[in-house]
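Colleague: So the protein lines, in turn, are chains A and B.
Residue 6 is where the first sequence starts when you use the numbering used here, and the numbers rise one by one after that.
Residue 6 is where the second sequence starts when you use the numbering used here, and the numbers rise one by one after that.
Keep in mind that the hints were calculated from the coordinates and are not lab data.
Be a bit skeptical, because a hint or two may be false.
In this list, chains with the same sequence are indistinguishable; a pair is considered to hold if it fits within one copy or across any two.
What the hints assert, rightly or not - List of simulated lysine-lysine pairs, DSSO-like, C-alpha gap at most 27 Å:
| no. | residue 1 | residue 2 |
| --- | --- | --- |
| 1 | Lys420 | Lys332 |
| 2 | Lys151 | Lys31 |
| 3 | Lys29 | Lys424 |
| 4 | Lys420 | Lys189 |
| 5 | Lys424 | Lys332 |
| 6 | Lys259 | Lys31 |
| 7 | Lys259 | Lys424 |
| 8 | Lys420 | Lys259 |
This one's a predicted model, so the numbers in the text were calculated from it and none came from an experiment.
Number of protein chains: 2
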Amino acid sequence: MTLHIKNVWLYDQGQVDIQIDAGKIKAIAPNLPEIDGAESFDGNGMAAVSGLVNGHTHAAMSLFRGFGDDMQLMEWLQTRIWPAEAKLTEEDVYWGSRMACMEMIRSGTVAFEDMYWHFHGMAKAVEDSGLRAGVGAVMIDIAGEKQGQECRDQAVQYLEESGRYSDRVKFTLTPHAIYTVSAKSLSWSAEFSDKHNLPVHIHLSETAFEVSECIKQNGVRPAVYLDQQGLLTPRTILAHGVYLDDDELELIAKRGSTIVSNPVSNMKLAVGGVFPYQKAAELGIPIGLGSDGAASNNSLDMFQEVKTFSLIQKHANNDPTVLPSAKAWQVVTGVDAPLIGQGSGVLAAGENADILLLNRDEPEICPEHDFVSNLVYSATGHVVDTVIVAGKILMKNRVIDQELEIRQEATARAKSLCKV
Amino acid sequence: MTLHIKNVWLYDQGQVDIQIDAGKIKAIAPNLPEIDGAESFDGNGMAAVSGLVNGHTHAAMSLFRGFGDDMQLMEWLQTRIWPAEAKLTEEDVYWGSRMACMEMIRSGTVAFEDMYWHFHGMAKAVEDSGLRAGVGAVMIDIAGEKQGQECRDQAVQYLEESGRYSDRVKFTLTPHAIYTVSAKSLSWSAEFSDKHNLPVHIHLSETAFEVSECIKQNGVRPAVYLDQQGLLTPRTILAHGVYLDDDELELIAKRGSTIVSNPVSNMKLAVGGVFPYQKAAELGIPIGLGSDGAASNNSLDMFQEVKTFSLIQKHANNDPTVLPSAKAWQVVTGVDAPLIGQGSGVLAAGENADILLLNRDEPEICPEHDFVSNLVYSATGHVVDTVIVAGKILMKNRVIDQELEIRQEATARAKSLCKV
Chain A
6 MTLHIKNVWL YDQGQVDIQI DAGKIKAIAP NLPEIDGAES FDGNGMAAVS GLVNGHTHAA
66 MSLFRGFGDD MQLMEWLQTR IWPAEAKLTE EDVYWGSRMA CMEMIRSGTV AFEDMYWHFH
126 GMAKAVEDSG LRAGVGAVMI DIAGEKQGQE CRDQAVQYLE ESGRYSDRVK FTLTPHAIYT
186 VSAKSLSWSA EFSDKHNLPV HIHLSETAFE VSECIKQNGV RPAVYLDQQG LLTPRTILAH
246 GVYLDDDELE LIAKRGSTIV SNPVSNMKLA VGGVFPYQKA AELGIPIGLG SDGAASNNSL
306 DMFQEVKTFS LIQKHANNDP TVLPSAKAWQ VVTGVDAPLI GQGSGVLAAG ENADILLLNR
366 DEPEICPEHD FVSNLVYSAT GHVVDTVIVA GKILMKNRVI DQELEIRQEA TARAKSLCKV
Chain B
6 MTLHIKNVWL YDQGQVDIQI DAGKIKAIAP NLPEIDGAES FDGNGMAAVS GLVNGHTHAA
66 MSLFRGFGDD MQLMEWLQTR IWPAEAKLTE EDVYWGSRMA CMEMIRSGTV AFEDMYWHFH
126 GMAKAVEDSG LRAGVGAVMI DIAGEKQGQE CRDQAVQYLE ESGRYSDRVK FTLTPHAIYT
186 VSAKSLSWSA EFSDKHNLPV HIHLSETAFE VSECIKQNGV RPAVYLDQQG LLTPRTILAH
246 GVYLDDDELE LIAKRGSTIV SNPVSNMKLA VGGVFPYQKA AELGIPIGLG SDGAASNNSL
306 DMFQEVKTFS LIQKHANNDP TVLPSAKAWQ VVTGVDAPLI GQGSGVLAAG ENADILLLNR
366 DEPEICPEHD FVSNLVYSAT GHVVDTVIVA GKILMKNRVI DQELEIRQEA TARAKSLCKV
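Extracted from the complex, chain A is given alone in its bound form (with noise of 0.2 Å):
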């Protein structure tokens, strides 16, 4: 499908026409010509940016949302979450990962990393709504070997039959985290992504008590200890690291993996530490930002983390030039972490066609003294009319197919699984 959009403005550029073909952008200059047969529209009014990605999330977990707040997590965890996951279908993924899709879309994220149980149900979600997403069935063997082969057999054949889908479903190996993996399953997944080129998402140094856990039970902090196991590569993508000292994050750097940061999470929880931001962006590690899961967020609004993300490292730093508007911006987008966003964050010719066009006339980003501040704490997904991933239009003038299916079909799943 070939889409032009007349007129509409890019805040380094101005105004200007955006043509998108084949899923890339085609061309972005003022005043484009016509082509024959493309669909086109009028962005006046409108401000073009790149599409937000979000790094750690676990999009099902939608139907929990405001199921147990402000509880300690143990408990929460035992009385409602294991409860209600442990009835969970397939099914009920599918229909409560469209609703997180739909939200995300709704505030504007093209893109994101998912890990949570049964993943066709995720996959096919993923597929129908147009976004783009790493996917992966999440690996715990607690339980024994036995449940570990299973989990390996499993992600092998999750492998295979991850071929039925478009390129935007791309599969990842999602081990949960080193207190809940064995040391075996993890080295497996080091092999099997090495051999199949797979990213590796885990959850790593979140709670001060993984940590004292972890040296306790293998002498080393978690990030070496992942290491140990081969598992900290370019292709690997953390979650959280709140807890990661010095050492580590220079171990991290070392090998270019990934750090996603998750700062509502990690506050709503109250895991009492922030993620060191300024030491891992001095060594250059790659850094993402996530909402984890709507269940500890509660907002998958990527605008609204990316404000918490700047705010909690001032506010830690106590330094008000921490994370500037225009670095926070970046990191919202992907640009500092390619191996989370599938290549988002650049509008320009041949890139991916992965663009959001924002309404300029809502008050809270008037008056432009600076765009970039404005979106970042300002605005809220809300300001997002169009959203445009792999050149196809997801949502226009806020409206998205099967909207009311999708929300009366999550709902009651939500409401069934949820009794306490």
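Using the hints provided, position chain B relative to the given structure of chain A.
Modeller: For chain B alone, coordinates are given in the frame of chain A:
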């Protein structure tokens, strides 16, 4: 005007009708009979909740949104804000405040406490917007007694002139802070407030520097010094309160003053501390929430503010159970601090008709396991469809009168004021 909202949902009562007459709620019950001549509309699909209260802002500073973020405080004030403010006219303040009121209406705020220059610019903007506000001309007399006398004369004059506005505009004394207002003007404010039963709205204990300077100059901490001037009373609104210690909190509790926390502004300006909410709440101090001005937030959306409030309190206290959503919702609707909301926070017969209708279909507030949690942790101001203040509809289907004119006027003035 008489209004009849049919078939709207209250999270604690289910489907009801709401009748509004002469600015007050007349009745709330299922299937109320129609009143002759009433404007009637269907609230199906909507949830009715109390309007939100913004306990501390500088509305017209919306003109300066994004004009110098991520800078050290003094550099920002000296190179950006003060030069721009020096050029401000009453008309600028009017249009800047109108834009702020528009943003507040669009995000569900029904009442706010303002502090800025050009009293009539602010007051007329509040009057025309339909909102409620405490409005005062900021008092600063660092230049000496001549300036002090002018400020005091001005307050006397503005109190008299405030009679030209409706009851929604509440004249308030607004001495800026203990470090910018002389002891003489502070004591005068105390007496004048007492004589005319006027609220007093002042910044207090925002930075560690303010505290150490106060101790150096006066031998006591800020709240004690303010009390020595007679200014800690049940009519006093203290904005920030970040560095209040236990003794100061006990004194404030004894005096019955209100504290308004501004978490986003405090984090963005990196003041370093966090308002001691838990201790203040334990002592029964009336607590409200404020956005501060759009130049240091940069949003006026109280839905975002209340989320950050809960997050930073959980983070600072290392405890996810702190400030649960139901309590946070009470704070942001002004229930806990009657001084700032002009009687808002309760939907019941006889109360002010300050009501929001929220769109229950927004995906970020689905499913409805816990409606209030959804509002606090996931909603933004964009879930607000309709705003009613004092029985008058200020926004319906997200449309506000004069929206284009306000945005254009304010934007043009902002551009001309803010030249670096």
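Colleague: Is it within, between, both, or neither for Lys424 and Lys332, if the alpha carbons may be no more than 27 Å apart?
Modeller: between (43 Å within a copy, 24 Å between copies)
Colleague: Measure nothing new, just compare the shortest in-copy and cross-copy C-alpha distances for Lys29 and Lys424 to 27 Å and report within, between, both or neither.
Modeller: neither (46 Å within a copy, 39 Å between copies)
Colleague: If the cut is 27 Å between Cα atoms, do Lys420 and Lys259 qualify within a copy, between copies, both or neither?
Modeller: Close neither inside one copy (47 Å) nor across copies (47 Å); limit 27 Å.
Colleague: When no copy is named, should Lys420 and Lys332 be tagged within, between, both, or neither for a Cα gap of at most 27 Å?
Modeller: Between copies only: 24 Å across, 40 Å inside.
Colleague: Are the CA atoms of Lys259 and Lys31 at most 27 Å apart within a copy, between copies, both, or neither?
Modeller: neither (36 Å within a copy, 68 Å between copies)
Colleague: Regarding Lys420 and Lys189, is the shortest C-alpha distance of 27 Å or less found within a copy, between copies, in both, or in neither?
Modeller: Result: close neither inside a copy nor across copies, 38 Å intra and 62 Å inter.
Colleague: With 27 Å as the alpha-carbon cut-off, assign the pair Lys151 and Lys31 to within, between, both or neither.
Modeller: The answer is neither: 51 Å in one copy and 67 Å across copies each exceed 27 Å.
Colleague: Could you place Lys259 and Lys424 in one of the four classes (within, between, both, neither) given a Cα distance threshold of 27 Å?
Modeller: neither (47 Å within a copy, 45 Å between copies)
Hints 2, 3, 4, 6, 7 and 8 from the list above are not met by this structure, while the remaining hints are.
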